[in-house]
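**Student:** These are the residues of each chain, in order.
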Amino acid sequence: MATADHSSDPGVAAEAGAAPVTETEPDARYTFANERTFLAWTRTALAFILAGLGIVQLLPPFPGVPWGRHLLGVPLIVLGAAIAVVGYWQWAGNQKALRRGEPVRRSPLPLLLAAAIGGLAVVTAVVLLLSAMH
Amino acid sequence: MPPPRRAEDFDPSRAGTPGSRPGAPGPRPAEDFDPGLARERTRLAWTRTAIAFAAVGAAVLKSHLVAGLTVLGLAGVVWGLRQLFRDTAVTRSQTARLLGVTLTVVAVALVALVLSFVGHPR
Chain A
44 MATADHSSDP GVAAEAGAAP VTETEPDARY TFANERTFLA WTRTALAFIL AGLGIVQLLP
104 PFPGVPWGRH LLGVPLIVLG AAIAVVGYWQ WAGNQKALRR GEPVRRSPLP LLLAAAIGGL
164 AVVTAVVLLL SAMH
Chain B
6 MPPPRRAEDF DPSRAGTPGS RPGAPGPRPA EDFDPGLARE RTRLAWTRTA IAFAAVGAAV
66 LKSHLVAGLT VLGLAGVVWG LRQLFRDTAV TRSQTARLLG VTLTVVAVAL VALVLSFVGH
126 PR
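Taken in order, these protein sequences are the chains called A and B. Under the working numbering, the residue at position 87 of the first sequence is numbered 130, and the numbers go up by one with no gaps. Under the working numbering, the residue at position 118 of the second sequence is numbered 123, and the numbers go up by one with no gaps.
Worth flagging that the hints you see were computed from the coordinates, not collected in a lab. You may find that some hints are simply not true.
Derived SDA-like pairs (lysine to any residue); straight-line CA-CA distance at most 25 Å [said to hold, decoys possible]:
| no. | chain 1 | residue 1 | chain 2 | residue 2 |
| --- | --- | --- | --- | --- |
| 1 | A | 139 | A | 160 |
| 2 | B | 67 | A | 97 |
| 3 | B | 67 | B | 52 |
| 4 | B | 67 | A | 152 |
| 5 | A | 139 | B | 109 |
Cβ-to-Cβ under 10 Å is the rule here; a few derived chain B residues that face chain A [claimed, not checked]:
| no. | residue |
| --- | --- |
| 6 | 46 |
| 7 | 49 |
| 8 | 56 |
| 9 | 82 |
| 10 | 104 |
Even for Gly, the Cβ is constructed at its ideal location relative to N, Cα and C.
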């Protein structure tokens, strides 16, 4: 998409014709969009950390399951850090793909997010059931 | 598809200068120097991220004063970064800036982990 777009710009086309460069500066709108995506994942990561911290620090303990809050909160915090790192890695990869006019890689983050939320829901249900049986 | 925009096309100081379009008199419309308002939207995204940092800082403040104030200070730093993104070319400085934000989030996560174990849950 970015490559096709560049061909319509005479300046870039001439530049590419003079010296066959494999990397060109992408359309600034794509650079901005990539940066916004990174920032959105950063906010998602911060929300996970906030949720984990809130569970550990603010929730009353689960009756009969003293480690319940840590079991739920700590993975959320670790996941927040992981999302931030993967988000950066994805930003760098996307920017490289944009510069080279290659297709962007498929993001691993939606799968990571879905698996983590699904897993945490199961763990939460188990903790609540254990607490209720107490 | 309109022609691709270069980083220098996103300079708001060029607003009001004669347009590059032939036969278009008067000041250039906002769309001309910020197509799709990409620049403005990215600025707002930085603002939202700074607010998210501040929210985490307020939560940390509940358990540890110094750590909370540190995270709130980081929110201020991110707020400042909001002004710097105009350099859209992927330079070492942009990479460093985004890597810095990433490492800051990881550091905040570590602080949150430590507080989870040594803090005083109520």
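**Student:** Take the C-alpha atoms of residue 139 of chain A and residue 160 of chain A, compute the straight-line distance between them, and say whether it is at most 25 Å.
**Tutor:** Distance of about 30 Å is beyond 25 Å: violated.
**Student:** Straight-line Cα separation of residue 139 of chain A and residue 109 of chain B no greater than 25 Å?
**Tutor:** 23 Å, holds
**Student:** Are residue 67 of chain B and residue 52 of chain B close enough, with their CA atoms no more than 25 Å apart?
**Tutor:** Measuring from Cα to Cα gives roughly 23 Å; hence the hint holds.
**Student:** Does the nearest C-beta of chain A fall within a distance shorter than 10 Å of the C-beta of residue 104 of chain B?
**Tutor:** Since chain A brings a Cβ to about 6 Å from residue 104 of chain B, closer than 10 Å, the hint holds.
**Student:** Given residue 46 of chain B as an interface hint, is its Cβ closer than 10 Å to any Cβ of chain A?
**Tutor:** 6 Å, holds
**Student:** Within a Cα-Cα threshold of 25 Å, do residue 67 of chain B and residue 152 of chain A meet the stated pairing?
**Tutor:** 31 Å, violated
**Student:** When you check the alpha-carbon spacing of residue 67 of chain B and residue 97 of chain A, does it fall within 25 Å?
**Tutor:** 10 Å, holds
**Student:** Residue 56 of chain B was flagged as interface toward chain A. Is the shortest Cβ-Cβ separation under 10 Å?
**Tutor:** 9 Å, holds
**Student:** Does the interface hint hold: is residue 49 of chain B within less than 10 Å of chain A, judged Cβ to Cβ?
**Tutor:** Holds - the Cβ of residue 49 of chain B comes within 10 Å of chain A, reaching about 9 Å at its closest.
**Student:** Grab the minimum C-beta distance from residue 82 of chain B to chain A and call the hint holds if it beats 10 Å, violated otherwise.
**Tutor:** 13 Å, violated
Consistency with the previously given hints fails for numbers 1, 4, 9, ordered from lowest to highest.
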